[in-house]
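Going down the list, the sequences are from chains W and D.
Numbered per our numbering, the first sequence spans residues 151 to 787.
Numbered per our numbering, the second sequence spans residues 23 to 749.
If you're looking for bench data, these hints aren't it; they were derived computationally from the structure.
Incorrect hints may have been included.
Some residues of chain W that are not near chain D, with every Cβ distance over 12 angstroms (derived) [said to hold, decoys possible]:
1. D205
2. D313
3. G498
4. P578
5. F612
6. E684
Residues from chain W that face chain D, not an exhaustive set, calculated with beta carbons under 8 angstroms [as the list claims (entries may be wrong)]:
7. T267
8. F272
9. Y480
10. D672
11. K761
What you are looking at is a predicted structure, and each value in this text was computed from that prediction instead of being measured.
No residue lacks a Cβ here, since even glycine has one placed at the ideal position from N, Cα and C.
Each chain, letter by letter, is given below.
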Amino acid sequence: MRKLLILFLFFTGLCVAQKNSDPTPDEINQAKTLKIKYPKDDLVLLESKDYVTFDFNKNLRQVTVKQKINEEMLNISSRTDIQKHIFYNGQSEISNFGLKYRNQKGAYFSIKDESYTSEGLFFNDSRVKYVNVDFPVQGYKYYFEATKNVFDVKYFTSLYFSDVYPINKKEITLVVPKWLNIEIKEMNFEGFQISKKSTFDEKLNADVITYSVSGMAAVYQEEQSPGPSYIYPHLLILAKSYTNEGESYTLFNETKDLYNWYKSLVDSMKDDPAVLKEKVLELTENSKTDEEKIKNIYYWIQDNIRYIAFEDGLAGFKPDESQNVFKKRYGDCKGMANLTKQMLVAAGFDARLTWLGTKRIAYNYSIPSLSVDNHMICTVFYNGQKIFLDGTEKFNPYGEYAERIQGKQVMIENGDSFILETIPIVLPDTNKETHIFNAKINNNALEGDVSLTYSGESRATFLYAFNNLRTEMKNEALEYYLNKADRNMLVNNIETSDLENRDDQLSINYNLKQDNAVSSFDDEIYINLDYSQEYGKWLFNERNTDYEFAHKEYLSSEINLELPEGYTINELPNGIDVNTKNYKIFVDFEITDNVLHYKKIFVMKNAVVRKSNFKEWNETIKNLQAIYNQQIILVKD
Amino acid sequence: MIKKIFGITFFVLFTITGISQSKKTLEKQEEIKNLVWNDNDPYKNAMEIPENWKNESAVFLIKNVKYIYDRPGNSIEYTKIERDRIKLLDQAAITEYSELKYTEGNVFYREMSRVTNTFFLGVKVIKPNGEEIEIDVNQESVSNNDEKKIAIPSLEKGDIIDYYFYTNTIVGENDLYQYKPVESTIGDAYPIAKFEFLLETEDDFFLSFNTYNGAPKLQQIVESTKKDKKRVYSFEAENVARNDFPRWFFPLVELPSYKFQVLFARSGKYEKKAYAFIPEDANTVKTNVSKEEIFNLYEDKFRPYGNLGDVERFLKNKNFATNEEKVKEVFYYIRHAYYTNYIEAFVMNESNIMYPFELYGKNPIIFNKDEEFVRFFTAFLKDNKIDYEIIIGTQRFNGDIKDLLLESNISFILKVKTENPVYIESFDPYSTPNQISPLLENTSAYALKVVDRKHIEDIETVKLPTANYKENNSTEKTEFTIGPDFSGISVNRSFVYNGQSKLDEQNNLLMYYDYVYEDHLKYETEPILERVRNKKDKEKYKKEYAALLKNLKEKQQEKIKKRTAGEYSLEIDNYSFKIQNNGRFGKEDSFEYTDEFTIGNDLIKTAGKNYILDLGKMLGSQVDLSSKEKGRTNNIYMSYPRSFNYQLTLNIPEGYSVSGLENLTSNVENETGGFVSKATINGNKLLIEIQKFYKHNYEPNANWQKMVAFLEAASQFTQAKVLLKKE
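The following block holds chain W by itself, in its conformation from the complex (with noise of 0.2 angstroms):
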């Protein structure tokens, strides 16, 4: 017998609510009126308060920044369970973290403090302070306050307008003091109505900048969006340096200062690059050319050391030694950077780290600030040749760059100053695939070879997944893979490349018969070509930002039907042939010699699709669709 279950459980804290707590006419009216504007969301922030200022620690040496966050929340839905947080990590510390009633008296919900590890870091010091609160009508409302307190004006680099809730209102304010130079980019400000106002207050002797905007949309939630400084507006703070006691302080004024922070971390690395000797030699002794030992020491690399990131401190922006990654099998990109760099130096090669920001970041190291880099790389010169290693990639050939790095400028290491470069732009169909299927009728299936073709990002996918698998599942899965699992495909004679093999191109062969795709009524046999139908349920209907695809793609897709002896085809459907500056796609039917020639050509040229472009896609998209629905109808001669 089952027992007794509390069957409800809600995100909610201790509090019961208040008397006078509940709303207004007007607050249920402009609730209602909100919801209207904002149908999909629940809370909006009425208004939406930071006031930033800045101070001297004279015990740390540091310019510390104060922001104090204040908020009118109203629901706007019929009742809303949210858990209000706000991040900090080791670098920072919250105060003041609370909410009131519409009636300004205390509301006492139990507030948590828990560290929160982001996706794909294994340890880091972030920490979230949290609040389950319940608005139980429509026009609830509740004010927040929270003072968060940066140590190190280095390590506050932005502020966003927007939330995960609409604003009505939005309002920074910072109030720059006379002894600190302060550069504010305005980022992302066209298209958004955001007045700036600036004052001077004596008695502070401070500047008062106040930015306003009214009306911002929530952040959206939407899958391979374009990263956040693409999109929202914010302002970057750029800290050059202050005056103390008369005295002048650089901060990050310009990229070199940025760069000798850097620099100073690295160099207080002790690396022991004699632990190391041993494997170098063990891959390389054997090695016919320079290439081939960067090779090796290069897929070892990818092969051999696991992506475990701690991002604790100032573990987030040293790396870590050597022949700690080394002994260890694993480590985040710096670590694997700088054993890169050290494997290839110990080989002798020219090897450097690399700073860079990934595709996610909109800046380039024109801005001196923490906030342009995310990532590490290793540079080998050779050849006079400057060769970009990426430890953290996985069955990358030597020589190809993932597409979250290309085009992205670089800061190369270089003694005391630094050299900048730009990671190649490669051509989509470094990552081409291809599929062909020559088909013959048989009863109501599809009988015929398949050859299936991979080469760059394409071919890395494909050989990451396969190669995580456990081994005893590999030939099933790829059998699930090639029929996708779809009880209609009958998969045979499986022959492939080395699926191992990084540099080469990736071919699959296999024999394949497509149950049920051809029917027969009265005398006409009706053909369902095409089992793939790539792109078919591409529509980007509700969508608000870009569409960016993992890598470029190349996929060109040829099905060959030789059509039965007294059967002819009397009408085919028309093809597409649409060619736009970041995609193409091609679909054509011809006959040669009793043979239909059905051909497909997609490309995404630069990864991306814009929302400018969502109209005309989503047309080619619907053509495509209705040849997708289209049967091949045979007739009798």
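Using the hints, position chain D against chain W.
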């Protein structure tokens, strides 16, 4: 990334201190290490795996599980040490063992007893050349809230990971203590070259233990002496295959496995108090439970007990034609009075709208244990002079009742001996008399004979009733209308569920507000808001509750919409559903609902002037067997025999005729079940009638191909197409 979790889950009342890295702890840690990894360890050089396992992801060279129960001073101590030495053969295995998570020890008080939990982890990595790297767990681990984790260094393909975890619980002064039962297969996610099990106890620890399905028997390897009370038991297995859990499978019924439970009772006095099956003396290992023991254990556990005031008031001035009717009506009344009557209160409380419990009088009756309900209900039976039996059964996945060993594997059923017997098992908002868990149906069970509605006097083996596949039925009627431009299809469906098929659907679809008001109305009780007397408060709660209900209903709608879309693997729009009948009063009372929605043109293909319709897809997802599944070697354990009737009606668009009816015809029926479909045209309607049925809840493997036959027919039906031909 899949992480190993070595959790110790304890019910922590309050934690006093975490155990710090004191000197004593470090010494203990060292002691444990030497206990596991020492010079006498016969597996310290085990490196090689059998040739036939070369293509496995990983192989256990040794899996050693050791349980120790002893009693230092006045305390009692439980220790589990598991040591695994695993050869990691591929990247997937490296990833699996790349990070380990665990919970550290703690100290807390439970019922005035001090409970000390200790957890140690030891990890070594052994390279193919024999080089051993011992991981400094204290140094390398990091804390994340209440959990510790460690990234295992130096791990590469071909390495061996050799680790142990040591779990220890010391409970302060206690006279009676029952440890959690253990039920496990010997096999694991990887094949095991050598499995060793060891259990150590001493006086006053009572052991029930048995192995099943061909697992080796437990042997006593150390007898207790006058000087040393220690007793040691063990069993070993070699070359244990990797566990594979197919569809429709009960692992503990088929795979080599073991079950045990240990009870501590300080003296004869406490032995009697123990609510468990225990061996006669601490020297004997109990391997099964006899009818007599069941009789002895429950003899006085089920003494009728309860305050029948509410029931008496309910019965006043009511006449029932039969006792059967009376029993059923009282059951429904209790289900409301002591369950559904309070649901709104729990909701109100959980959602912070109000503190509701003071509105329900001083001592509301709520059953926290199965026994409490049984005792209450038998009190009513006794009071009304209605005879009954208490039936002790066990759910099918535990094995047969004659192999019963653990008290936790028992289920109770009340058999009321009315004109037609009434079986009562579960107590929840949907439970009805004569509906017992499908996992108990058709199993052998023991009936405790109650004499004079007072004493249990005898026990007898009985067979529990079962419903047949026709009774466990779901009937779906679906009508499809194709939009004028063939751009979509609108769908209207109605469902009727009966028997066991009804329960899952009720649990999935119904929310408490769908049925509590019918109960309040029927039993003339007040819904929560009517209990609030203060007008102002009432107004406030009413608004907040209305907002909450709106929210819950939207979520319910969204959830059911998603589920429906999932059934067809299609996107659906304009979804709405309506409950027609809750089906909560009696086995024969159907659960019924209707819904409607639209789908796009996914199932309509253009073919010149004509259209091809993927009509078979409208049957919804069917079991698709992979080639591996078709070659199944295990017996088949299903929940219950069941049948599905479908009536699909297509409104043929004007100006079109239908070809291809023969694709919709199927007829496979055998002793295991069947799939039968036929299609007819009647005016402008295409009518497809389908029956799919599983005749039993169990099939021996020899019948598997017969099942495959009708499952394949159903699956093939989903591929059926018809041509809509322009006339």
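Tested hints:
no.: 1; hint: D205; verdict: holds, 32 angstroms
no.: 2; hint: D313; verdict: holds, 22 angstroms
no.: 3; hint: G498; verdict: holds, 26 angstroms
no.: 4; hint: P578; verdict: holds, 29 angstroms
no.: 5; hint: F612; verdict: holds, 14 angstroms
no.: 6; hint: E684; verdict: holds, 16 angstroms
no.: 7; hint: T267; verdict: holds, 6 angstroms
no.: 8; hint: F272; verdict: holds, 6 angstroms
no.: 9; hint: Y480; verdict: holds, 6 angstroms
no.: 10; hint: D672; verdict: holds, 6 angstroms
no.: 11; hint: K761; verdict: violated, 22 angstroms
Going down the numbered hints, you'll see the structure goes against just number 11.
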